[in-house]
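**Student:** Generate the whole structure from the sequences, applying the supplied hints.
So the chains spell out like this:
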Amino acid sequence: MTASSVLCVEGLSVEFRTRSGRVRALDNVTFNVRKGETIALVGESGSGKSVSAYAIMGILDPAGRVTNGQAMFGEIDLLAASPKRLAAVRGRQISMIFQNPRTALNPIRPVGRQIADVLVRHGRVPAREAPQQAVEMLRAVGISDPARRASGYPFEMSGGMCQRVMIAIALAAKPSLLIADEPTTGLDVTTQAVIMDLIADFATQRGMATIFITHDLALASQRATRIVVMHAGHVVENAPTLDLCTQPRHPYTAELVAATPDSAANLDDLAAIPGSLPDLRRTDLPPCRYSERCPRKTELCSQSLPLTSVGPEHIVACWNPLPVHAPLKLAIGAS
Amino acid sequence: MTDTTAVARRERPLAPLLRHSRHVLAENPVTGFAFALFLLILLAALFGPQMAPYDPLASNTAQTLKPPNAQHWFGTDQLGRDVFSRVIVATRLDFFIAIASVVLVFLMGGLAGVAAGFFGGWTDRIVGRIADTIMAFPLFVLAMGIVAALGNTVQNIVLATAIVNFPLYARIARAEANVRREAGFVEAARLSGNANWRILVGQILPNVFPILVVQMSLTMGYAILNVAGLSFIGLGVRPPTPEWGIMVAEGAAFMVSGQWWNALFPGAALMIAVFCFNLLGDGLRDIVDPRKRT
Amino acid sequence: MMTLIIQRVAMAIPSLIGVVVVTFLLTRLLPGDPAAYFAGPAATPQAIQEVRVKLGLDKPLIQQFGRYVVGLAHGNFGTSLTTGQPVITELRTRLPASAELTLLGLFVSIAIAVPLGIVAATRPNSLLDHTCRIVSTAGVSLPVFFTGLILIYVFYYLLGWAPAPLGRLDVFYLAPPQVTGFYLIDSLIAGDPQTFTATLKQLVLPALTLGVFSLAPIARMTRASMLTVLSSDFIRTARASGLSNWTVVITYAFRNAMLPVITTLGMVFSFLLGANVLVEKVFAWPGIGSYAVEALLASDFAPVQGFVLTMAVMYVTLNLMIDILYGLIDPRVRLEA
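Protein chains in written order, with my numbering: chain S, 1 to 335; chain U, 1 to 294; chain E, 1 to 337.
Incorrect hints may have been included.
Pairwise CB distance ranges, derived in the manner of DEER restraints [stated by the list, open to error]: (1) T103/S / T263/E: 35 to 45 Å; (2) F172/E / V103/U: 49 to 59 Å; (3) F65/E / T103/S: 50 to 60 Å; (4) G21/S / R133/E: 39 to 49 Å.
These aren't lab readings, by the way, just hints derived from the structure by calculation.
Ideal Cβ placement from N, Cα and C applies to all residues, glycine included.
**Tutor:** Here is the structure:
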């Protein structure tokens, strides 16, 4: 935990009790976010990236339990804090936005009131002034005719507009950290860019840190300065964007990079990552959950996972990382 | 070769169903309990008159309004008749009325709904109109009206109960038929030259049956309450026929002055029967479609 | 908003037409000669013939229907054989008694069922949740008249807390001056607290009986609906925004969960209006239900016809109001109209 960290997650492990057994969704997840930094959590479906966010925010499904770890936000451990202490943090100092913005908003409540609810709840604004402030927030997220829109409902708005409303709700109390869980999935490409720009603008204006959760490595590379790659509930690689995209050291990351479509490559060259996610209900899971589909597997890989530092700020969880190699094509456009 | 494989093919659809049922029963002892209770009620319905210790119609002026004792487990009513015998014998009538109502509404509502879903167009519209008109009435009030108009016989009570439940069955059957209209086996039947009606009755209705069977169990409970309610206000079976609803009606006046056994035992029998059918319906729902658990 | 109301009213009209047709047909389906029924069991053949001509029972069916509809429009529901009074007068006098009872029963039902459903949903598989389930299933299985009798036995006979089940008011009290016909309201308007309490005392058991009866579907639906809503996306957003538990569960979740519950109310009213008749018999309540039952026993058919028609019209109207209420709460319905 460094002084400039806004969030420091260490050893986070989460388990779900289901009818068919216990799912070890997260195992020893560690990463941190500095003030004003934009990082991305990247991985396939089921890699545990959203679960990490839910655990941090304390909105895990009732069947889920944090079995280990801490998430230090300033002085507070979010995973161990009492509901009262959390109330001061959630929605106020850390906010979250979700995918499918239309279903993520209350369908029968005017959007202005949904924003006002947050403003009033987190004490930033007296109840009388909240509606007006809500309109201002709508304006700030780029919704035209905000006064009229404030009394409208989500079903009257496009997906992009709903996402803007969600951003307004999340940023109303001026948090210092925003978690964005696949915020642009389901939106068309132009709107995606606009939404991402909006978030980036707020981040720079307010010095707000951001965690992007996405399965799209290309998107992550465009917007984040640091990427954390997750696989089957583990963090496998954590590096600054440029390093990760040109010099991936974990075999899985390399596969991810190769599988990312870019405009120059032939569709035939598009690689698929061999194998599939292991069943996380198994009690005999190997310490490295990628080992069973990994082409670089050695006998070392049956030992518990290391966290090797392979460069400044570059960590790999692998016994047999890729050697330093020629930089990969920068076609995925790291900035 | 033909015989054994034919038998094997026929067995196969049944075996997984039985296995699944056993699994559900093991997981949910309440359903097992409901099944057991159902069998008990069935036994009482079939063998009640033979099992009853006294003649349910025999009055005995020396023994009027005696509380439960060793000779009369449920006591005696105002005419000296043994309440226990009357309750047991009444099972047959109430059970019979319930079964008859449910079979009738399955045929009426099931066929009408399936036809509406399968043919669409005017058939659909007419069935829909009829169903809507029935549903515009509070159901018990409509049953009252029908029995009042046609006369209080057992047949009319069965008919009234069936009519009142018609819209629900028609709606369920119609939805299922709609889904299956384009199904493979229907196409196959059509291609092999089957007339529409034969397809309806032979193919679609049997497939709709499992879904309706859940509803039928619940309707049995409703039917019993219905006939009891009608009897309570004098529109049901006529005395001295033993029937749970009439017995409660006759016992009502005495309950207010403290002689509780007259009304309590038939009322409890009513409640147990209806409770059993409701539990059974819930259990059947789990067997037929586990997604629908509330 | 207006469009919604007009639309819904228009949709109710075919139902009303159907109701009128059915109630007409009911008395023409009487086994034997309808005229004999309307003339009464004591009538001579001559009297029967007179009744036949007077009621137009010798005319073709279509014409009879026309007369029937015109009569209805003029408020002519026929005359009761036993009392000699026009049916409509009796219905009008007795309706408030039934309405007061039914509304209070519904109120009791909702007041218990909704909180029960909410708590059961917020604490799934707890003791309270299982209690809710058991109470629901038991409530649905008990015949309503039986519940009433048991309540009388326990609370009147055994405990002596409740008054004798002899109607709306104890003999010692006079009915308050008629304003609405609802004794509870009228006694308050007349500033008469003793009559108010006396009325309330008489109302407790029958209202409780009706309440227990309709408790089940409301509790069940509230619980199921709340469970669905509580696991929906927008509740997750609300929690992530740090809103208070009350705001999340009540302001956000419950208002959305209420929608299917309101739709359920339609079905509940159907049960309630039917159960009303039985409860009125048990508690000797002078409402339209007991009016019809007494008429039935005397083979007096005009009141029965009027009763069925009135109940059906009330039911259609109630459903209409539920539809409109739904539109008020759910803007998606309102704005698409």
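**Student:** If a hint holds in the structure, say so; if it doesn't, say that too.
**Tutor:** The hints, checked one at a time:
Checking the proposed 35 to 45 Å range against T103/S and T263/E shows it is violated: the Cβ atoms sit about 21 Å from each other. Here the CB-CB span from F172/E to V103/U is close to 54 Å, well matched to the stated 49 to 59 Å. About 52 Å separates the C-beta atoms of F65/E and T103/S, a value consistent with the hinted range of 50 to 60 Å. At roughly 27 Å, the beta-carbon separation of G21/S and R133/E lies outside the given 39 to 49 Å, and the hint is violated.
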